[in-house]
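Keeping their order, the protein sequence lines are chains A and B.
Numbers 905 to 1187, taken from the working numbering, label the letters of the first sequence in order.
Numbers 238 to 401, taken from the working numbering, label the letters of the second sequence in order.
The set of hints was computed from the structure by calculation and includes no laboratory data.
Any given hint might turn out to be false.
Examples of chain B residues lying across from chain A (beta carbon under 7 Å, computed) [as the list claims (entries may be wrong)]:
#	residue
1	Leu264
2	Pro290
3	Gly291
4	Val292
5	Val293
6	Thr320
7	Arg359
8	Gly363
9	Leu364
10	Lys381
Cβ atoms here follow ideal geometry from the backbone N, Cα and C, with glycine treated the same way.
One-letter residues, chain by chain:
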Amino acid sequence: MTVRTYLLPRSRPEALGLLDEHGPELLVMAGGTVAMPLINEGISLPEAVMGLRLAGLGGLERAGDELRIGATATLTQLLDQDAVPMLREAARNTASWSIRNMGTVGGNLFTPPPGGDVAVALLALDARVTLASTRGERVLPLADFLTGFMSTELAADELLVEISVPIPGEPTAYLKLGRKHASTPSVVTVAARLEWRGGRVTDARIALGAVGPHPIRAREAEQLLVGTRLDADAIAAAAVAAAQGCEPFTDGIATDWYRRRMAGLFVGRALEQLTPGAAGEGR
Amino acid sequence: MNVRGSHTMEAPRAVVFAAICDPDALLGIIPGCREIEQVGDAEYRGQISLRLPGVVGTYRTVVRLVDSDPPSYGRLEGELEGTLGTVTGHATFRLAESGGRTTIDYEGQGVVGGPLARLDARFAEGLAGSLIKQGLRNLGSRLKADPAAGTPSDRRQPTREIPA
Ligand SMILES: Cc1cc2nc3c(=O)[nH]c(=O)nc-3n(C[C@H](O)[C@H](O)[C@H](O)COP(=O)(O)OP(=O)(O)OC[C@H]3O[C@@H](n4cnc5c(N)ncnc54)[C@H](O)[C@@H]3O)c2cc1C
C-alpha cells in the first residue's frame, strides 16, 4: 500500500480547501467500498487520501416536497427513510447490510456498471446534484452529471455535496434482476415513474442500469408512453424501444445479448406494475 | 483493447485538424492534461493527471503522428505510462466535412499492462472510450466558442481591441 497521508476534514469548507490544495492526485473517499478494494489489490496507488466521513455531508432530510440527501448519507440511511419508497427499494437491492452501512449514496453515482443501482432510481426521480468547490456551487440534473464510463461532470476541484429528489406524487416501480436473490450484481436494473392526467400518461421516466456505460434513461421508450393509457400495446412498444436503445455489455454476470433481452422484459414488468389497478410498489 | 467511435463538431475540418496538432489546443482538450510539449516534428510529450472514481494517478505520455494526409487522415502511435499501468497503442482518425461540420471517425488498438490489465478488459476500454469522447466534446466546444482556436497561433488574425 502506498498511502502516506490520510486527511479527515471536519467540515465542508475544510474538505474543499484540502481538495484545492492537493490537486487531482488526492483520492477522495466516502464509504470506501469501491475505492478500498482497488487500493488493497494494488490497482489504485494513491499517496494521499481524503476521507469525507466527518465532513458534515451525511444528512438526510425532507424539506417541503423534496428529499435532501447528503452525499455521504449511507445506503442504510436511505433504507430507513419512507418519503420516497423507490429509494428504499433501491437501497434494499444494493449490496449487503455490511456494505450498505459503509457505502454512500454519493459514492453510488460514481460506481461503474453493473453497479449504480441507487443512481438508476435517482435518475428516474429527476434527482439533481449539487457540486461544490472553493469557487462556489452549481446544481445540475443527474441526467447531465453522468457522462460516460467512470466519468462525470465533476471537475477536479469539486466535491459532490448533495442530491435532491422531488418527492413523487404517483406510484413508482423498481426492479433489479440478479443471479441471486440478494447482494448480487445487476443483470439489469429498471426504475420507472409515470405522471397521469385523465387516465393518460403525461410524462414518463424509465432509467436503466447495467445496460450502458452508466445508468441511462430510455428516452425513446419514455416518449412512446406519453399520451397512452398504458395498455398492453403501449407497454410492449416501450419495452422493445428500451431493449433496442440500450448499450449492454458482457461480463462475468451476463452476456450483452441476455442483458438486452432482460432489459426489455423488465421494462415491461415495471410498467405493468404501474398500470391503473395494479398493486405495485409504493401504492 | 479496442476503441472506436465517431463525433461531429461545428467547425471545418482544416480547423479541427490544426487543433489536433497544436500543443496549446491539446492542453485544453485532453482530459486532465497538465503539460504538453512538441519534442519533434510530429512528436508530443505530456503529463496527464486524472482523478477517476477510486483511482488517481499521473501518467506520462508520448504520442507521434506517424502518418497523415491533412486535413482528412492521421495515424497516431503512442504510450501512456503511470501508476495504473501502461498502454501502448495506435489509432487512426478520418475527418469528413459536410456543410461546415466535421465528423471524426476514429479507431484504435492498445495493449494494456500493469495493474490495469488485472481488471476486466471492459474497464480499460470503457475508460479509454469515455476519455476520448470527453476530449472530443472539449474540442467541439472550444472550436465553437473560438473558431480561431484551431489555427496555429502565428497565423491567427490579430484581434481588435474594442475601446472602452
Ligand atoms: C461486496 C460488494 C457488493 C456491492 N454490491 C453493489 C450492488 O449490488 N449495487 C451497487 O450499485 N453497488 C454495489 N457495490 C458498490 C458500492 O458499494 C456502492 O456503489 C456504494 O454506494 C459506493 O459508495 P462508497 O461511498 O463506498 O464509494 P467510495 O469507494 O467511497 O467512492 C468511490 C469513488 O467515488 C468518488 N466519490 C465518492 N463520493 C464522492 C463525493 N461526495 N464527491 C466526490 N467524489 C466522490 C471518489 O472518486 C471515490 O474514490 C458493491 C460493493 C461491494 C464491495
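Going down the list of hints, with the structure as the test:
1. Hint status for leucine 264 of chain B: violated, given a least beta-carbon distance of 14 Å to chain A, over 7 Å.
2. Hint status for proline 290 of chain B: holds, given a least beta-carbon distance of 4 Å to chain A, under 7 Å.
3. Using the Cβ-Cβ criterion of 7 Å, the hint placing glycine 291 of chain B at the interface with chain A is satisfied: the shortest such distance is roughly 4 Å.
4. Because the smallest distance between the Cβ of valine 292 of chain B and any Cβ of chain A comes to about 4 Å, under 7 Å, the interface hint for this residue holds.
5. For the restraint placing valine 293 of chain B at the interface with chain A, the shortest Cβ-Cβ distance is roughly 5 Å, inside the 7 Å limit, so the hint holds.
6. Annotation: interface hint on threonine 320 of chain B holds; nearest CB of chain A at approximately 4 Å, less than 7 Å.
7. Hint status for arginine 359 of chain B: holds, given a least beta-carbon distance of 6 Å to chain A, under 7 Å.
8. Hint status for glycine 363 of chain B: holds, given a least beta-carbon distance of 3 Å to chain A, under 7 Å.
9. Below 7 Å, beta-carbon pairs count as interface contacts, and leucine 364 of chain B has one with chain A at about 6 Å; its hint therefore holds.
10. Because the smallest distance between the Cβ of lysine 381 of chain B and any Cβ of chain A comes to about 18 Å, over 7 Å, the interface hint for this residue is violated.
In summary, the numbered hints that this structure violates are 1 and 10.
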